[in-house]
Amino acid sequence: GESVGLHLPTLSVQEGDNSIINCAYSNSASDYFIWYKQESGKGPQFIIDIRSNMDKRQGQRVTVLLNKTVKHLSLQIAATQPGDSAVYFCAENGNQGGKLIFGQGTELSVKP
Amino acid sequence: ETGVTQTPRHLVMGMTNKKSLKCEQHLGHNAMYWYKQSAKKPLELMFVYNFKEQTENNSVPSRFSPECPNSSHLFLHLHTLQPEDSALYLCASSRTRDVSYEQYFGPGTRLTVT
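Protein sequences, first through last, are from chains G and L.
In terms of this note's numbering, the first sequence opens at residue 1 and continues consecutively.
In terms of this note's numbering, the second sequence opens at residue 1 and continues consecutively.
Excised from the complex, chain G in its bound form (with noise of 0.2 angstroms):
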């Protein structure tokens, strides 16, 4: 995951405008990516996963991209709304394959 600092990074939008919040995996026998979103006051909630036979995948809105050459993932949010305003953190399931790892997060604030 990504490396723990003391500010969680921060990425700021326009309501709808795109987003890209980008992740950057440590572990390259990792097989299994995770998007999660954490609002305010709740626990994480799963958005999307890939695997790494894939490069990229598709949701409601949400698109998560994997290159595994740099290991990094990302996510990107199309038309991004006022709900969409919350923390977003990628997992991968490392070299033991049976435990998710976790990153830091990035807090996404859209702006009206």
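Treat the hints as calculated values from the structure; they're not laboratory data.
There may be inaccurate statements among the hints.
Residues on chain G that point at chain L, a partial pick, calculated with CB under 10 angstroms [said to hold, decoys possible]: (1) Pro44; (2) Gln45; (3) Arg57; (4) Gly59; (5) Asn93; (6) Ile101; (7) Gly103.
We treat Cβ as the ideally placed atom computed from N, Cα and C, and that holds for glycine.
Starting from the structure of chain G, add chain L where the hints point.
Here is chain L on its own, set in the frame of chain G:
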């Protein structure tokens, strides 16, 4: 609602207190998890139960003691905690321990140790 409930939602306790966190899932899942979420840090897995058996203890200090009486209920017993244990404690459940099964999270218990 995710089908996973946690009580209490907020807890303030002194370092000498003993308290318990409760988690209940109404999804018919067989795996349950405790995670710790500290400010500005990644989610940390603490314990995993699969079919009521503890399958993982992620080097958690003994002042945290989990209990899983059945597949629907999970407890985290707390005693002689330290201020650095203050965090959001999240419970999750999934169909089984396999990571390919989606984990459903509860809203968490915000714990403050004074």
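Structure-based check of each hint:
Proximity of Pro44 (chain G) to chain L holds as hinted, the smallest CB-CB distance being about 5 angstroms (cut-off 10 angstroms). Contact between Gln45 (chain G) and chain L, as hinted, is supported at the beta carbon level, the nearest pair being about 7 angstroms apart and thus within 10 angstroms. For Arg57 (chain G), the interface hint is violated, the least distance from its beta-carbon to any beta-carbon of chain L being 14 angstroms, above 10 angstroms. Violation of the interface hint for Gly59 (chain G) is found here, the shortest Cβ-Cβ separation to chain L being roughly 13 angstroms, above the 10 angstroms cut-off.
Because the smallest distance between the Cβ of Asn93 (chain G) and any Cβ of chain L comes to about 5 angstroms, under 10 angstroms, the interface hint for this residue holds. For the restraint placing Ile101 (chain G) at the interface with chain L, the shortest Cβ-Cβ distance is roughly 8 angstroms, inside the 10 angstroms limit, so the hint holds. With its C-beta approaching chain L no nearer than about 6 angstroms, Gly103 (chain G) sits inside the 10 angstroms limit, and its interface hint holds.
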